[in-house]
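One-letter residues, chain by chain:
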Amino acid sequence: MMLQLYSSTVNSRLLLGTARYPSPAVLTEAVRASGAEVVTVALRRESAGERAGQGFWSIIRELGVRVLPNTAGCHSVKEAVTTAHMAREVFGTSWIKLEVIGEDDTLQPDVFGLTEAARILCAEGFEVFPYTTEDLVVAERLLAAGCRVLMPWGAPIGSGRGLNNLFGLSALRAHFADVPLIIDAGLGVPSHAARALELGFDAVLVNTAVAQARDPAQMAAAFAQAVEAGWSARRAGPIEPRDFAAPSTPAIGTAFRG
Amino acid sequence: MRILLNGVWRETEAAELSAALRQFGYGDAVVATALNGEFVATATRARTPLADGDRVEVLAPMQGG
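From first to last, the protein sequence lines are chains A and B. So the first sequence is numbered by the numbering used here: it starts at 159 and just counts up by one. So the second sequence is numbered by the numbering used here: it starts at 189 and just counts up by one.
Here chain A stands alone, though its shape is the one from the complex (with noise of 0.2 Å):
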């Protein structure tokens, strides 16, 4: 089944991003090997001397896949609305991944910035994919801003730590049955790809867990697998976990009883 991203779909459940690799043969090996249909891509000051990001474009575009500008580094609602201005044009799409970031240890989202943000850029037809926290309340302004995909945190940007508040994922996920919902950043190893996929996750985006990896290629098609899984698993019916046993093999029937 394809994931509705606003008016596309996509068939892959994995999105990738495309910053931290050791080279730029190596970014294109783990998004091939990925099967990622969306990549992140930021902007950033042009050297005129270097023209690194020209040479940076290219490889994207040869890749052939869709691309979601980030308004990374952004501290400030003029910031991000800017930048989204400068992305639609550059990258030709109106998809836009808001981040308004309000502390700089943790890149937390400033969510007060964020749902400002998202109002301003989705009146006017940007296509808002809003990191976020799991914060039930922020996802309800969200969505009344005009956003219709939600990208809650696993974790902190980087960390690797995986799924940090389960409680309060799930609650959003029960919460908003609908929406699609991208688990977006800290994820660290493929097992936490598919538990978000288990848990009901329409998707994730990973970058530094594949792109820091020891091989990336390997780790892009390792997560590759634990979203497919995931996905499956969550399709298949997981069983509710039980405080006690409850033997698998039929107790009926048994031998020397009785």
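Calculated from the structure, these hints are not laboratory results. Some clues are possibly wrong.
[Said to hold, decoys possible] Covered, in the sense of this in silico footprint (three residues per stretch, anywhere, with C-beta under 8 Å from a C-beta of chain B), are these stretches of chain A:
(1) 168-180
(2) 201-211
(3) 218-229
(4) 233-244
[Stated by the list, open to error] Residues on chain B that point at chain A, a partial pick, calculated with CB under 7 Å:
(5) 212
(6) 213
(7) 217
(8) 218
(9) 234
(10) 238
(11) 239
(12) 241
(13) 246
(14) 250
(15) 251
(16) 253
From a predicted model like this one, the values you see are computed outputs, not experimental measurements. In this text, a Cβ means the ideal position worked out from N, Cα and C, and glycines have one as well.
Keeping the supplied structure of chain A fixed, place chain B upon it in accordance with the hints.
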């Protein structure tokens, strides 16, 4: 006059943004621009005048998470 281009003060006599971009070597590059914090679309750069002390951002695609 002086403009703050990507955080560095530069001397220019360019009357408008597109001329400044050509002067500083961005002529054919895929970039997005902002003037004093406001986005300036490619199509309007030629009619966007520059003034002394203006802050110009020239951004390009880059790796991101």
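Report task. Go through the numbered hints given earlier and state which of them the structure violates, listing their numbers in rising order. Result -> When the structure is compared with the hints, numbers 9, 10, 11, 12 turn out to be violated.
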